[in-house]
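Since chain A is already given, all that's left is putting chain B on it; use the hints.
Chains A and B are the protein sequences, given in the same order.
Numbering follows the working numbering, in which position 293 of the first sequence is assigned residue number 293; successive positions increment by one, without gaps.
Numbering follows the working numbering, in which position 178 of the second sequence is assigned residue number 178; successive positions increment by one, without gaps.
Since the hints were made in silico from the structure, they are not lab data.
Just so it is clear, CB atoms sit at the ideal spot from N, CA and C, and this is done for glycine as well.
Don't take every hint at face value.
Calculated pairs, DSS-like style, for lysine-lysine (alpha carbon to alpha carbon, straight line, at most 27 Å) [unchecked claim]:
{"no.": "1", "chain 1": "B", "residue 1": "Lys168", "chain 2": "B", "residue 2": "Lys95"}
{"no.": "2", "chain 1": "A", "residue 1": "Lys280", "chain 2": "B", "residue 2": "Lys222"}
{"no.": "3", "chain 1": "B", "residue 1": "Lys168", "chain 2": "A", "residue 2": "Lys280"}
{"no.": "4", "chain 1": "B", "residue 1": "Lys95", "chain 2": "B", "residue 2": "Lys222"}
{"no.": "5", "chain 1": "A", "residue 1": "Lys280", "chain 2": "A", "residue 2": "Lys35"}
{"no.": "6", "chain 1": "A", "residue 1": "Lys280", "chain 2": "A", "residue 2": "Lys83"}
Covered, in the sense of this in silico footprint (three residues per stretch, anywhere, with C-beta under 8 Å from a C-beta of chain A), are these stretches of chain B [claimed, not checked]:
{"no.": "7", "segment": "88-96"}
{"no.": "8", "segment": "172-185"}
{"no.": "9", "segment": "201-211"}
{"no.": "10", "segment": "215-225"}
{"no.": "11", "segment": "275-284"}
{"no.": "12", "segment": "293-303"}
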Amino acid sequence: MQQEHTAAVLLQVEGMRKWYSIGGGWLGKPAQTVKAVDGVNFDIRRGEVLSLVGESGSGKSTIGRAILNLDAPTAGQVRFDGKPLVGLTRRQMRPLRRAMQMVFQDPYSSLNPKHTVEELLSAPLQIHMPELTVQERRDRIDAILKTVGLNPAHRTRYPHEFSGGQRQRIGIARALMTEPQLLVADEPVSALDVSVQAQVINLLLELKQRLGLTMLFISHDLAVVGHISDRIAVMYLGRLVEIGDAESLLNDPRHPYTRALMAAVPNIDPQQRRPRQLLKGDIPSPLAPPSGCAFRTRCPHAQPACANAVPELRFVERHHATACIRDDI
Amino acid sequence: MDHLEPLHFVPAAESAEVDNILEVRDLNVTFRASGGPVRAVRDVSFTLRRGENLALVGETSSGKSVTCLGLLGLTPPAPHCTISGSARLAARDGKTYELVGTPERVMRQVRGGAASVIFQEPMTSLNPVHTVGAQICESLHLHLGMKGRAATERAAELLNEVGISDPKRRLANYPHELSGGMRQRVMIAMAIACEPSLLIADEPTTALDVTIQAQILELLQKLQSDNGMAMIYITHNLGTVAEIADRVMVMYAGRIVETTDVVSLFAQPRHPYSRGLIQSVPRLHSNRARKTPLFAIPGNVPDPTSHPPGCTFGPRCSHFEPGRCDVAVPDLEGVGPGHLVRCVRWPEIQGAV
Chain A
1 MQQEHTAAVL
11 LQVEGMRKWY
21 SIGGGWLGKP
31 AQTVKAVDGV
41 NFDIRRGEVL
51 SLVGESGSGK
61 STIGRAILNL
71 DAPTAGQVRF
81 DGKPLVGLTR
91 RQMRPLRRAM
101 QMVFQDPYSS
111 LNPKHTVEEL
121 LSAPLQIHMP
131 ELTVQERRDR
141 IDAILKTVGL
151 NPAHRTRYPH
161 EFSGGQRQRI
171 GIARALMTEP
181 QLLVADEPVS
191 ALDVSVQAQV
201 INLLLELKQR
211 LGLTMLFISH
221 DLAVVGHISD
231 RIAVMYLGRL
241 VEIGDAESLL
251 NDPRHPYTRA
261 LMAAVPNIDP
271 QQRRPRQLLK
281 GDIPSPLAPP
291 SGCAFRTRCP
301 HAQPACANAV
311 PELRFVERHH
321 ATACIRDDI
Chain B
1 MDHLEPLHFV
11 PAAESAEVDN
21 ILEVRDLNVT
31 FRASGGPVRA
41 VRDVSFTLRR
51 GENLALVGET
61 SSGKSVTCLG
71 LLGLTPPAPH
81 CTISGSARLA
91 ARDGKTYELV
101 GTPERVMRQV
111 RGGAASVIFQ
121 EPMTSLNPVH
131 TVGAQICESL
141 HLHLGMKGRA
151 ATERAAELLN
161 EVGISDPKRR
171 LANYPHELSG
181 GMRQRVMIAM
191 AIACEPSLLI
201 ADEPTTALDV
211 TIQAQILELL
221 QKLQSDNGMA
231 MIYITHNLGT
241 VAEIADRVMV
251 MYAGRIVETT
261 DVVSLFAQPR
271 HPYSRGLIQS
281 VPRLHSNRAR
291 KTPLFAIPGN
301 VPDPTSHPPG
311 CTFGPRCSHF
321 EPGRCDVAVP
331 DLEGVGPGHL
341 VRCVRWPEIQ
351 GAV
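So that you can see chain A by itself, here it is in the shape it has in the complex (with noise of 0.2 Å):
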């Protein structure tokens, strides 16, 4: 998904692989290769929400990782604002972390239980804004839960005297602590409530909008995130498989295991139960991925030509592709 670079493109990612070794060394047997990432190109535009849809093992929250350089991608080059991250350093790449921060999944194990919210919160102040005074980190603090809908009275709370949900406020406020540009949320409502859920869903929307966030949310629920995105990329075995507006591609979605993730989403209406369209088996394992197109081991439109070559991704709308050989399903 090439666009021409402009001002209005804040993250690039182009050609991104992360393959890991297991196995190997001197002893033991030869050393395998999992490709969880192999070969993903995409954009995010300034103000975008951009989600990675997919199932365990599909390298979306990879993708997130290596977009941060928490893990150093294997190849490939991500651009923040133009300025490619890939091979910086850490010290390189503190001044760039505040622009950038991640909301994590389990709002119980990405707390630290011993620090007090203020003093979760002021960590992110003291590493990238040591010029503020405590006066002015206590104001930006009080302000910030004020935005994540938390009482600024419960700074001197520890985490677990929050529920999840107020938990996973915590976590969103810290990461705004430093007014980043873009966000990575990697599944950052699939551990709580479905009530809890929604207030989730709905502050980040409100964030979005209010301080013109960049998104970039990494989810395997296409229901929640046809709520949240303006784009929507869904991922299969370490690629992308297809790419397009959020509006285009649920409504018209190219690519079979696109339809099989829509398809899987109960339907609400007990009225209206049809028969379930199931896919077979399981995800392949990433160690020794199918030949030709990843999904063709489960695909019910699969055809012997399908296993020859890699699908690459074709546009069928402007802004809309997919990676299946097939136009006729």
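Same frame as chain A, now just chain B:
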């Protein structure tokens, strides 16, 4: 689609029928905690018929899982946890078991025999150091006295029944060698090994990928229609409830707040909490509604050690009326055939959102 017909309108009071697999009366489960007693389950009564799928819906600390752990005697022993009430389970062999206050010796036969359970995370429920074959055979040995080749063959049959290909070879696999979906299938195979009359499925698909979730739901439904076992399906996911349940019980803070058949729950939910839960499910095809805020229930579930007075949902409810809702805990009231709701204002708020 005859399983959708509203056949299950058995008011809680008149349920002494032979077709009832499980009758639960006034079940209470209380934990002892440092902050005082935690009444995790309060006055829960329900009846489950042969072949029926009853969904127990609720969020964290609603008491949905504890209800079932209590029924199976899997809660901690007294004085850490006390259970009162009655729960009568009819086994396939005609015996009836009282599950509350029964000695552990008997409960050990009930569990995995007349009543089985599958949990959310199959990796932690399976023993990592034994092959799946050994674990299935153990259950066959303990409950049915099967040994050796007979047990192995039955185990392979069971794996086949739950849709695992090449079952003979799979018996020699360890849990870590299987995918999440396969592990859950193995758990289901163990659970149905002794043809239980009751299967409790506690969030069986929450840890699985969506395409695998659909496969497991399909399997559970097939097994139920094949052998007529009753199922209690515990979940927080209302979407899957709409897909597989016959009847639904919505729990909040330890109490049943609404119970009815699945069609009327989604068509005419009466309790504000049920309505809120249904509305807050993100829909896939709601393009009009996209980027508009999702409906969200404000606030959080109450602290289990200090419930608000009166209706426990009151502080989060948009229909809360001081003087009525915060006085006494509302009774479960009949609002239609087999439809009970615990809200004093249900007649007034019927048309409201």
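| request: Closer than 8 Å, Cβ to Cβ, for at least three residues: run that test on the segment 293-303 of chain B against chain A and report holds or violated. | output: The restraint on the segment 293-303 of chain B holds, since 8 of its residues have a Cβ under 8 Å from chain A and three suffice.
| Going straight from one Cα to the other, do Lys95/B and Lys222/B come out at no more than 27 Å? | 26 Å, holds
| Are the Cα positions of Lys168/B and Lys95/B separated by 27 Å at most? | 34 Å, violated
| message | Can you confirm whether the C-alpha distance between Lys280/A and Lys35/A stays at or below 27 Å? | response | Holds - the C-alpha atoms of Lys35/A and Lys280/A are around 23 Å apart, at most 27 Å.
| query | Given the hint that Lys168/B pairs with Lys280/A, does the C-alpha gap stay at or below 27 Å? | reply | Status holds; Cα separation ~20 Å.
| message | Check whether the Cα positions of Lys280/A and Lys83/A lie no farther apart than 27 Å. | response | Not satisfied, since the Cα-Cα distance of roughly 43 Å exceeds 27 Å.
| query | Can the segment 275-284 of chain B be counted as covered by chain A under the rule of three residues or more with Cβ-Cβ separation shorter than 8 Å? | reply | Satisfied; 8 residues make the cut.
| Has the given pair, Lys280/A with Lys222/B, been kept, meaning a C-alpha gap of at most 27 Å? | 16 Å, holds
| query | Are 3 or more residues of the segment 172-185 of chain B near chain A, judged by a Cβ distance of less than 8 Å? | reply | holds (count 4)
| Are there at least three residues in the segment 88-96 of chain B whose beta carbon sits under 8 Å from a beta carbon of chain A? | violated (count 0)
| said: For the segment 215-225 of chain B, count the residues whose Cβ lies under 8 Å from any Cβ of chain A; is that count three or more? | reply: holds (count 3)
| message | Tell me whether the statement that chain A covers the segment 201-211 of chain B is true, taking a Cβ distance below 8 Å and needing three residues at minimum. | response | holds (count 3)
When held up to the earlier numbered hints, the structure conflicts with 1, 6, 7 and fits the remainder.
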